[in-house]
Amino acid sequence: MSKLLNPIVLGKLGSTYGIRGWLRVFSSTEQSESIFDYQPWYIQRAGEWRVIELESWKRHNQDLIIKLKGVDDRDVANGLTNCEIAVDSQQLPTLEEGDYYWKDLMGCKVVTTSGYELGKVTDMMETGSNDVLVVRANLKDAFGAKERLIPFLDGQVIKKVDLAAQSIEVDWDPGF
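Counting from 1, position 31 in the sequence shown corresponds to residue 31 in full-length UniProt numbering; the numbering is continuous, with no gaps.
In short, the hints are calculated from the structure, not lab data. Take these hints with a grain of salt, some might be off.
Unchecked claim - With a Cα cut of at most 35 Å, we get these calculated DSBU-like pairs of lysine-lysine: (1) K12 <-> K159; (2) K140 <-> K109; (3) K160 <-> K69; (4) K160 <-> K120; (5) K12 <-> K109.
As the list claims (entries may be wrong) - DEER-style ranges, computed between Cβ atoms: (6) G128 <-> G107: 41 to 51 Å; (7) K160 <-> V76: 25 to 35 Å; (8) I19 <-> D162: 50 to 60 Å; (9) S114 <-> Q39: 40 to 50 Å; (10) L153 <-> E53: 14 to 24 Å; (11) R45 <-> Q166: 26 to 36 Å; (12) E30 <-> E53: 20 to 30 Å; (13) G128 <-> D63: 17 to 27 Å; (14) W102 <-> N82: 16 to 26 Å; (15) D123 <-> E48: 24 to 34 Å.
These numbers were taken from a predicted model, which means no experiment stands behind them. Think of the CB as a built atom: it goes at the ideal place given N, C-alpha and C, for glycine as much as any other residue.
Start from the sequences, fold in the hints, and give me the full structure.
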């Protein structure tokens, strides 16, 4: 069994498909089928990351379905439903300057250009037109906000991302 040192979740095992152990897969990669470019896959069982081997995959209507080695019936497959699929983050391609993986933005402190601290990035959302930072403050702030949704518009709203300092400077009115 190989060790998973830097896990990054790329998807999730969904419900069973048929009686021969096939499962639906929900991919978090930009192109859904790109999840298959990253191997091996790991799932967490009993608090440990374990390798799972892909035997086959195919597209069925709008779904991606997979067959895992050693999973040959619906009952066994059903036990894997909702397991997150992780890979070692070192498998991800190096990005160009100014591009970021969502995982790199998690936990970053978000500060306005005037120095007002809004909180930390706790999640990201994809809206179709642009990505959105979910920023959560520890307590309700002076504006009564505990959570803010800030569009990730580079240059427009996002003024500076400093991953080394774990901070993001934004041009954003705290009253929003």
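Taking the hints in turn, this is what the structure says about them:
1. K12 <-> K159: 33 Å, holds
2. K140 <-> K109: With Cα atoms ~16 Å apart, K140 and K109 stay inside 35 Å; holds.
3. K160 <-> K69: 46 Å, violated
4. K160 <-> K120: 15 Å, holds
5. K12 <-> K109: 28 Å, holds
6. G128 <-> G107: 41 to 51 Å: Distance hint for G128, G107 is violated at roughly 25 Å.
7. K160 <-> V76: 25 to 35 Å: Given range 25 to 35 Å: violated, Cβ gap about 50 Å.
8. I19 <-> D162: 50 to 60 Å: 53 Å, holds
9. S114 <-> Q39: 40 to 50 Å: Distance hint for S114, Q39 holds at roughly 47 Å.
10. L153 <-> E53: 14 to 24 Å: 41 Å, violated
11. R45 <-> Q166: 26 to 36 Å: Distance hint for R45, Q166 holds at roughly 32 Å.
12. E30 <-> E53: 20 to 30 Å: The hinted range 20 to 30 Å holds for E30 and E53, with Cβ atoms some 24 Å apart.
13. G128 <-> D63: 17 to 27 Å: 20 Å, holds
14. W102 <-> N82: 16 to 26 Å: 21 Å, holds
15. D123 <-> E48: 24 to 34 Å: 26 Å Cβ-Cβ, so the 24 to 34 Å window holds.
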